[in-house]
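K.L.:
Residue strings, one per chain:
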Amino acid sequence: MHKSKTVVVGGGLLGMTIAYGLALKGQQVCVLDEGDSAFRASRGNFGLIWVQSKGYGMTPYAHWTRQAAALWPELAGKLLADTGINVHLRQNGGYQLCLSQAELTEEVHRLQWLESALGDYPFEVLEPNELQKRLPRIGPDVVGACFSPMDGHVNPLKLFSALHHACQARGVHVLHNYAVDGIEAFGNDFLITSNARELRCEQLILAAGLGNKTLGAHLGHDVPVAPSRGQILITERIEPFLDIPTSTVRQTDEGTVQLGDSAESVGFDDRTSTAVIADIADRAVRSFPCLANVNLVRAWGALRVMTPDGGPIYQELSHAPGAHLVSCHSGVTLAAMHALRLAPSIATGTALPELASFGLGRFSANAEVHHAH
Amino acid sequence: MPTESLFTPLAKAQSWVTIDYEGHQLKVPQGVSIAAALLASGVRHSRTTPVQGANRAPFCMMGVCFECLVEVDGVPNRQGCMTLVSDGLRVRRQLGARKLAPLCAEGDCDEN
Amino acid sequence: MKTKAVDLLIIGAGPAGMSAAVEARNNGLSVLVLDEQPGPGGQIYRNISNTDAQRSQILGADYSHGRHLAQAFLASDIEYVAQASAWQVTDQKQVHYLHQGQSRVAQGQRLLIATGAYERPMPIPGWTLPGVMTAGAGQILLKSAAVVPAGPVVLAGCGPLLYLLAVQYLQAGISLAALVDTSRHSDVLSGLRHIPKALKGWPDLQKGLSLLATLRKAKVKHYRGATALRIEGSAHAEALSFSSRGDEYRIACNLVMLHQGVVPNTQISWSLRLQHHWQNDQLCWQAERNAWGETSTSGIFIAGDGGSIGGAMAAQAQGRIAALAIACQLGRLDSSSRDKLVKPYRKALHRCMAARPLIDSLYRPRNENRIPEDNVIVCRCEEVTAGTVRSHVRLGCLGPNQIKAFSRCGMGPCQGRQCGLTVTEIIAASGNVSASEVGYYRIRAPLKPITLKQLAQQPNKNLNQELS
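Chains as they are written, first to last, in the working numbering: chain L, 1 to 373; chain E, 1 to 112; chain S, 1 to 468.
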């Protein structure tokens with residue numbers, strides 16, 4: 001039977017990020033990944049490193065997100081050094097474009113709440129005239145925007161590729177087509193079974209996205225994650241026109257334009273729906289009329305891993321010490337914290353005090369539910 | 001534009017239209033696709049790729065491969081094999097990635 | 001924009017779509033046919049309604065045969081929308097299509113996908129150069145625009161269409177620099193096993209033999225068993241080099257037409273997530289169908305080469321068969337009438353398919369022309385090489401979707417049509433697993449180009465309410 005010090009279940013963005021962080025600490029890591037057709041939340045990501053309005057009503061999440069954005073250059077640098085892959089990190093800020101006064105009011109309200117909760121929280125509210133100067137191609141339907149210098153973006157495909165190469169370079173062992181069907185605590189070890197194969201480890205990290213619900217149940221815990229479908233559109237390559245991302249329209253370094261930010265509760269259905277993609281296109285064209293005649297190349301749906309309050313879950317399982325649960329839907333934004341803070345704390349067994357706010361315990365109390373994307 | 005054409009019409013067409021290709025007036029048979037018209041007029045390549053800037057020409061002629069992309073009446077990235085010629089049509093090579101229409105003073109940047 | 005609800009909605013007006021439409025209409029069904037070309041016929045009978053005598057003579061009797069079907073199709077009161085490209089198809093049997101610059105929606109009680117085939121990609125060194133195109137493209141230029149090569153042309157690859165085009169070009173007085181044939185003697189021998197079964201399909205085989213005889217008589221330079229094909233040139237094609245029976249050749253030419261068979265166009269069936277299987281004799285994906293052409297989603301049918309490659313006559317029979325089954329499902333025909341009416345079509349289909357195993361075996365494309373060396377571009381849109389695909393396989397990518405996410409292979413406007421089969425086969429060969437284990441790209445809407453404005457102005461955002 002194979003034995004590994006640490007096993008990470010889940011080879012998506014989250015799992016690979018944590019595996020990389022553990023490997024940076026010299027830990028021997030094995031990642032278990034599913035096959036080509038697995039539900040992959042990573043595929044639905046928008047490439048944003050997004051701070052503005054995250055953690056509304058949940059101060060620790062706001063702090064955590066800001067720290068993540070601040071740590072990102074270090075992660076990008078390490079990946080570049082390890083793999084030569086430039087993940088195209090740009091942190092020049094980001095816009096939330098509002099197409100109605102109600103949207104703008106709501107957005108400003110959230111940012112003001114965060115400003116009062118955090119103290120230093122830079123953002124600007126921009127009138128159409130000012131916005132026009134900064135984003136000359138903005139459309140007349142945009143009634144205003146919020147700008148935060150804390151935001152940014154990366155190329156998510158290059159990030160994913162860099163993580164895989166970096167993990168390979170640092171000796172992380174990835175087992176593919178390894179859908180876990182059982183986990184048992186066995187003394188100080190965990191016994192993981194998958195289709196008649198067995199694997200033992202001392203330390204276990206559950207980073208299997210929506211799969212964490214079942215995996216947590218194997219170890220006696222209820223993990224409150226549910227799918228939230230996001231649909232994403234991508235256009236053909238066009239000349240660079242938008243250097244700074246908005247929360248719904250973002251141009252990649254390759255020239256394609258990503259459009260999205262829908263959220264629906266439709267169970268495990270990752271197909272697209274015509275009504276939603278038409279709305280996304282409509283919003284994009286109203287935001288940037290120059291996109292009207294641009295061709296759509298693909299539309300797809302992906303299932304976000306949503307918790308009841310939208311915040312991440314970090315929890316060493318009380319029924320299974322040595323097993324750590326990690327669930328979140330902001331795998332890109334939080335990547336630097338996962339690789340450079342969370343993973344080291346798991347590797348060294350020194351709990352980070354901030355993590356106390358992100359445990360499972362918060363869901364047993366009747367906590368107020370907020371959805372800040 | 002190379003003068004030596006790889007293709008030629010089988011017989012004299014019954015009716016012709018004139019299209020503008022990169023500023024050249026091309027007399028082409030009515031009812032054919034832009035891609036066919038360009039091939040028969042000696043156009044060797046009708047686009048360059050966005051990634052490496054390589055020359056490409058129509059390849060499948062049935063709408064599958066997207067190698068025949070051209071700019072038609074100011075609209076970039078149209079499939080030349082799926083669009084029929086008409087008198088006065090303006091066609092340009094699709095050079096690399098799509099360009100956006102220049103910004104107007106009024107800020108209305110919609111294309112056509 | 002009013003939503004159309006018809007008994008039978010057909011995508012494609014080729015032989016399968018037209019004959020299904022005619023049969024369904026004869027049985028009292030309302031029929032709507034959407035097709036992306038300006039006139040009916042599909043690729044095989046492309047431009048059939050406008051072809052003059054000279055071209056008919058060049059193209060031959062098999063092509064002219066389509067005229068009767070097209071006439072019957074156009075004469076009946078079938079609703080037919082030309083230049084309509086289906087960009088999204090739902091399992092509720094709705095088809096979203098672009099017509100005259102606007103997105104529209106059609107709804108069928110039953111849906112028949114009759115989107116035919118396209119040519120198998122032939123990724124050899126230099127295949128992206130201007131001056132290289134498919135043999136099918138050459139034939140479409142002849143059929144649709146009466147345009148033919150001005151100077152000597154090289155035809156390379158294998159399969160009946162390659163020989164047919166060679167003969168058609170001879171008829172048109174075009175000079176053939178060479179026919180570089182990649183099929184080989186051993187293929188002929190392995191094909192012999194199928195002969196007894198194939199005798200029923202003798203007419204098809206005879207046609208093939210007579211094409212070859214015509215080429216021989218015309219003294220066309222026919223190089224057999226060609227390997228190591230490579231198109232030379234930097235800005236455009238300058239020569240084709242290859243080996244044949246131990247000798248090296250280099251033929252200077254500016255125009256090379258490649259062909260190694262056709263494969264079902266499975267874009268719609270994959271986008272619907274219908275069940276597919278890898279057909280190893282034809283080296284392609286086929287949607288699962290029952291004897292009536294019904295797929296794994298009830299009420300959705302496939303007929304013709306879009307299901308499995310059988311040619312125009314098989315497609316017509318399949319179209320009839322599917323239409324009869326649909327008429328029966330919708331209560332216009334009882335099952336005993338259906339079973340009686342279907343007999344001649346089943347017989348015709350059986351006859352058409354009899355020679356298939358032999359043809360598949362004779363013209364099985366070589367591994368080297370499907371699973372290329374590292375430096376060959378496989379994804380023409382994003383310019384991704386076979387080597388890049390393999391490097392990601394080594395990194396642990398198990399399937400085409402992971403390859404796509406890592407390399408952008410298949411992410412361009414052609415939506416994987418030109419690289420999908422190659423990528424599946426490269427992964428399979430690298431990992432020594434079967435193509436069916438590897439799987440295929442997840443095909444997504446839009447299946448055809450649509451602009452954001454057209455999508456945003458999508459008429460039926462709440463289609464279901466409108467229909468009920």
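Honestly, I wouldn't trust all of these hints.
To be verified - Computed footprint of chain L on chain S, listed as stretches where at least three residues anywhere in the stretch have a Cβ under 8 Å from a Cβ of chain L: (1) 167-179; (2) 217-231.
Said to hold, decoys possible - Here are the simulated distance ranges between beta carbons: (3) Gln-14/E - Ser-100/L: 37 to 47 Å; (4) Gly-84/L - Glu-373/S: 46 to 56 Å; (5) Ser-296/S - Val-143/L: 41 to 51 Å; (6) Ser-296/S - Pro-353/L: 46 to 56 Å; (7) Ser-296/S - Ser-265/L: 43 to 53 Å; (8) Asp-120/L - Glu-373/S: 24 to 34 Å; (9) His-65/S - Ser-265/L: 47 to 57 Å; (10) Val-143/L - Glu-437/S: 31 to 41 Å; (11) Ala-61/S - Gly-74/E: 51 to 61 Å; (12) Ser-100/L - Arg-273/S: 35 to 45 Å; (13) Glu-373/S - Ala-117/L: 33 to 43 Å; (14) Gln-57/S - Leu-103/E: 54 to 64 Å; (15) Leu-103/E - Asp-62/S: 49 to 59 Å; (16) Ser-265/L - Glu-232/S: 51 to 61 Å.
Don't read these hints as lab results, they were simulated from the structure.
Just so you know, even glycine gets a beta-carbon here, dropped at the ideal spot from N, CA and C.
K.L.:
Could you run down the list of hints and mark each one as holding or not?
P.N.:
Quick rundown of the hints versus the structure:
Chain L is given as covering the stretch 167-179 of chain S, and this is violated because 0 residues of the stretch bring a CB closer than 8 Å to a CB of that chain, at least three being needed. Figure legend: the stretch 217-231 of chain S, annotated as covered by chain L; annotation inconsistent (0 residues with Cβ-Cβ distances under 8 Å, at least 3 required). The hinted range of 37 to 47 Å is not satisfied by Gln-14/E and Ser-100/L, whose Cβ atoms lie roughly 57 Å apart. At about 24 Å, the CB distance of Gly-84/L to Glu-373/S disagrees with the hint of 46 to 56 Å.
Against the hinted window of 41 to 51 Å, the Cβ-Cβ separation of Ser-296/S and Val-143/L comes to about 48 Å, which satisfies the hint. Checked against the hint of 46 to 56 Å, the pair Ser-296/S and Pro-353/L passes, with Cβ atoms roughly 54 Å apart. Separated by about 27 Å at the C-beta atoms, Ser-296/S and Ser-265/L break the suggested range of 43 to 53 Å. Checked against the given bound of 24 to 34 Å, the beta carbons of Asp-120/L and Glu-373/S, roughly 57 Å apart, lie outside it.
Between His-65/S and Ser-265/L the Cβ separation comes to about 55 Å, which falls inside the hinted range of 47 to 57 Å. For the pair Val-143/L and Glu-437/S, the supplied restraint of 31 to 41 Å is violated, since their beta-carbon distance comes to about 53 Å. About 45 Å separates the C-beta atoms of Ala-61/S and Gly-74/E, a value inconsistent with the hinted range of 51 to 61 Å. Remark: the range hint 35 to 45 Å for Ser-100/L to Arg-273/S is upheld by a beta-carbon distance near 36 Å.
The given range of 33 to 43 Å is broken by Glu-373/S and Ala-117/L, whose C-beta atoms sit roughly 60 Å from each other. Range check, Gln-57/S to Leu-103/E: about 56 Å between beta-carbon atoms, so the 54 to 64 Å window is met. Between Leu-103/E and Asp-62/S the beta carbon distance is about 55 Å. The supplied range of 49 to 59 Å therefore holds. At roughly 57 Å, the beta-carbon separation of Ser-265/L and Glu-232/S lies within the given 51 to 61 Å, and the hint holds.
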